[in-house]
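Undergrad: If you want the building blocks of each chain, they are given just below.
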Amino acid sequence: MRVPGRVWIPLALLASLIAGTIADRPEPSPAIQIGGYRVLSADFHLHSGLWSGGTLTPWGLVLEAERQGLDVIALTAHNETADARVARAFSRIAGGPVVLIGEEVTSATQDLIAIHIDSTISPKLSLPDQIEEVHRQGGLAIAAHPVGRDRTQYADVLQAIDGAEVCHPAQWERDDWAADLEQFKASTPAMPIGSSDFHFMGHPGSCRTFVFARDATEPAVMVALREHHTVVYLPNGHVYGDPELVKLADAAGLQQRAQAYTRARGSLLDWVSRVLALLALFGIAASLRSPASRRVPAGLEFPLP
Amino acid sequence: MYWLVLACTAALAAGGRLSLRLLLDTAVVLAPIVIFQCVALAVVYWTGERPLPFAPVVDGYFAGSGPWFFALTVLAAFASAASPPVASRWFAKLNAILFLAAIVLSVRIDFRYYRYVLMRTTRRAIGDLVTYRALAWSATVLYFLFTAAEKSSQAVHDVVRALTS
Chain A
0 MRVPGRVWIP LALLASLIAG TIADRPEPSP AIQIGGYRVL SADFHLHSGL WSGGTLTPWG
60 LVLEAERQGL DVIALTAHNE TADARVARAF SRIAGGPVVL IGEEVTSATQ DLIAIHIDST
120 ISPKLSLPDQ IEEVHRQGGL AIAAHPVGRD RTQYADVLQA IDGAEVCHPA QWERDDWAAD
180 LEQFKASTPA MPIGSSDFHF MGHPGSCRTF VFARDATEPA VMVALREHHT VVYLPNGHVY
240 GDPELVKLAD AAGLQQRAQA YTRARGSLLD WVSRVLALLA LFGIAASLRS PASRRVPAGL
300 EFPLP
Chain B
0 MYWLVLACTA ALAAGGRLSL RLLLDTAVVL APIVIFQCVA LAVVYWTGER PLPFAPVVDG
60 YFAGSGPWFF ALTVLAAFAS AASPPVASRW FAKLNAILFL AAIVLSVRID FRYYRYVLMR
120 TTRRAIGDLV TYRALAWSAT VLYFLFTAAE KSSQAVHDVV RALTS
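So the protein lines, in turn, are chains A and B.
Throughout the first sequence, residue numbering follows numbering that gives the first Met the number 0, covering 0 to 304 in sequence.
Throughout the second sequence, residue numbering follows numbering that gives the first Met the number 0, covering 0 to 164 in sequence.
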């Protein structure tokens, strides 16, 4: 396939690539210490691109999460944990965020997020058995996007689950789903969780959990989660978490920080990269001519590009 | 070129910019899709008339990807520029409209390609159209969603029930 006579297209792509690569660094985010806690930004529901419905590799997702200022992530592929293992190995070598082995246990009726597990949990188990298996492996079970039908499936395990996604992009898809998420959280003692469920757009951490841990290590994160030391801000101003921790979070300005993550992204260089790339891509699309679009009588060979 | 456009649009949607890291990353993840399409085209090519060598046939076929490129680029523009709330609310609807348009437009282009470039009969060209899509699209869906197959089949069931009730 040849793009004829459009020199500006590769030049625009190259300029876009240069601008984007220069902009491709983690923004400085100083560690937050408050009330004896290290406050960590976490996203426990991310999908990479290898068999998990995303478009970034596990290692690419680690780097993107780091760029979005996340300290702790869980890769939660559908019904497998291989992606998460690759991501954790990479992050340990690269000095990236803490990566928890996770899985989105996806069955026909509902999804369950399992984090800090050893091996894959079968979606063929009943929901109570899935949760029991997560606990047996030393992990935590989180109700994934409990909206609509998914929400009703959790009715019998409200006391058994450890966390409930109260901030999730589903809240923006439908107004009744936003209400579902909050009503579900009100019905369970599970800790509040904010997750982006990132697949291929938006960005990791667009919904996130602030974890109040003693330090930024995996054991400290798990201790904090077992003690329900999480705070989640919703875009509508509502906040969930232990009232004492919420006070600390407010004092640290975390509400403003959480709101910022839901806005359109990008520095000037990001926008330059974006606009140039889109111009080039539109240029390519407009330049293409299928040999079949030319009117030539049937039976004659078409001149190909 | 097809692979490059796929990777660029995915990088823009995922990261909001085009960087070397994102481009290489999405190129790795999306490589199987290009392979599936080439294999599907090879199946169509080798099972019928072959008036041209395979390499120019591949080039010519992907030169008909304009509707798909437009759809992907508009989606990338939207996903990269919109805030997460706006993107979450409208992406599925925009995606459905653009892909429907791309499917309709590409059917005509692809049919003409099989009919007049590969010199297939009308009936055979329709068969090629169906075969190519069945092979390439099924493989792509499986690649992205096979670990969540049960949920996906339930979603399809729900859509069919909603449409028929």
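There may be inaccurate statements among the hints.
Unchecked claim - Which residues of chain B face chain A? A few of them, derived with a C-beta cut under 7 Å, are:
id : residue
1  : Ala9
2  : Ser18
3  : Thr25
4  : Arg132
5  : Ala133
As the list claims (entries may be wrong) - With the Cβ distance kept under 7 Å, some of the chain B side facing chain A (calculated, not the full set):
id : residue
6  : Gly15
7  : Ala26
8  : Val27
9  : Ala30
10 : Pro31
11 : Trp45
12 : Phe68
13 : Thr72
14 : Val106
15 : Ile108
16 : Arg111
17 : Tyr115
18 : Arg122
19 : Gly126
Because the hints were derived from the structure by calculation, they are not lab data.
Glycine included, C-beta positions come from ideal geometry on N, C-alpha and C.
Undergrad: To test your reading of the hints: which numbers does this structure violate?
TA: When the structure is compared with the hints, numbers 4, 5, 7, 9, 10, 11, 14, 18, 19 turn out to be violated.
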